[in-house]
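Okay, here's what each chain looks like letter by letter:
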Amino acid sequence: AQSVAQPEDQVNVAEGNPLTVKCTYSVSGNPYLFWYVQYPNRGLQFLLKYITGDNLVKGSYGFEAEFNKSQTSFHLKKPSALVSDSALYFCAVRRGGGFKTIFGAGTRLFVKA
Amino acid sequence: GAGVSQTPSNKVTEKGKYVELRCDPISGHTALYWYRQSLGQGPEFLIYFQGTGAADDSGLPNDRFFAVRPEGSVSTLKIQRTERGDSAVYLCASSSAGELFFGEGSRLTVL
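Note that the protein sequences, when read in sequence, are chains A and B.
At position 35 of the first sequence (counting the first as 1) the number is 35 in this note's numbering, and the numbers step up by one without a gap.
At position 56 of the second sequence (counting the first as 1) the number is 56 in this note's numbering, and the numbers step up by one without a gap.
Bound-form chain A, shown alone:
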């Protein structure tokens, strides 16, 4: 069975500071890992993914994430947060070769000016 844990309901950061949103996963076999963002009253938008290759992946809006196999983690990061980054962020996992994608409960990011 696949599962995703986002241990923080909310992350607060000041504009210009680095941000990290945490994610750990459980899946049999090789994981495909994803981050999505949801703005108020909008659908989910894809940010970035890890399928294979370099453990550090870069995505939209300056976000990046690091795959750590030994810690089964895929934390989302950004070097300098913007107020406009405030949103709900979801981590998701799929078993390699499969299609069923499971989402975490989400982490709300607040960036204060």
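It is worth saying that the hints were derived from the structure and are not from the lab.
Given the structure is predicted, the values throughout are model-derived calculations rather than measurements.
Every residue gets a Cβ at the ideal spot worked out from N, C-alpha and C, and that includes glycine.
There's no promise every hint is true.
[As the list claims (entries may be wrong)] Pulled a few chain B residues facing chain A out of the computed Cβ check, cut under 10 Å:
no., residue
1, GLN50
2, ALA55
3, ASP56
4, GLY103
[Said to hold, decoys possible] Where chain B lies over chain A, by a calculated footprint (3+ residues, C-beta under 8 Å):
no., stretch
5, 14–27
6, 68–79
Fit chain B to the given chain A structure using the hints.
Chain B only, in chain A's frame:
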């Protein structure tokens, strides 16, 4: 269309009624997913189609829920004898192989 389209965007119904929610995926995407999202929660997997067939329906909560995709494109999620607990946003997504592309969702309210 350019993106995933879901209709209706909002649906209010009474307990016990039948509801249909429609999803029009991105053209050419063979995979189609339905999720349910309650307030403050992450998307909950319901069912996944590959082409016309339901490849995985393990997330459907009970036999009141059913989904079809007869021609491998548009899909309809059908809910019979609706209950107040069915109130949620129902999200549809399509994919060609990697990431999912989501629609704006259909907000269902059961009174």
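Going down the list of hints, with the structure as the test:
1. Hint status for B/GLN50: holds, given a least beta-carbon distance of 7 Å to chain A, under 10 Å.
2. The beta carbon of B/ALA55 comes within 7 Å of a beta carbon in chain A, closer than 10 Å, and the hint placing it at the interface holds.
3. Checking B/ASP56 against chain A: minimum C-beta separation of about 5 Å stays under 10 Å; hint holds.
4. The closest approach between the C-beta of B/GLY103 and any C-beta of chain A is roughly 6 Å, which is under the 10 Å cut-off, so the hint is satisfied.
5. Residues of the stretch 14–27 of chain A with a Cβ under 8 Å from some Cβ of chain B number 0, which does not satisfy the need for three, so the listed coverage is violated.
6. Under a criterion of three residues with beta carbons nearer than 8 Å to beta carbons of chain B, the stated coverage of the stretch 68–79 of chain A fails, only 0 such residues being counted.
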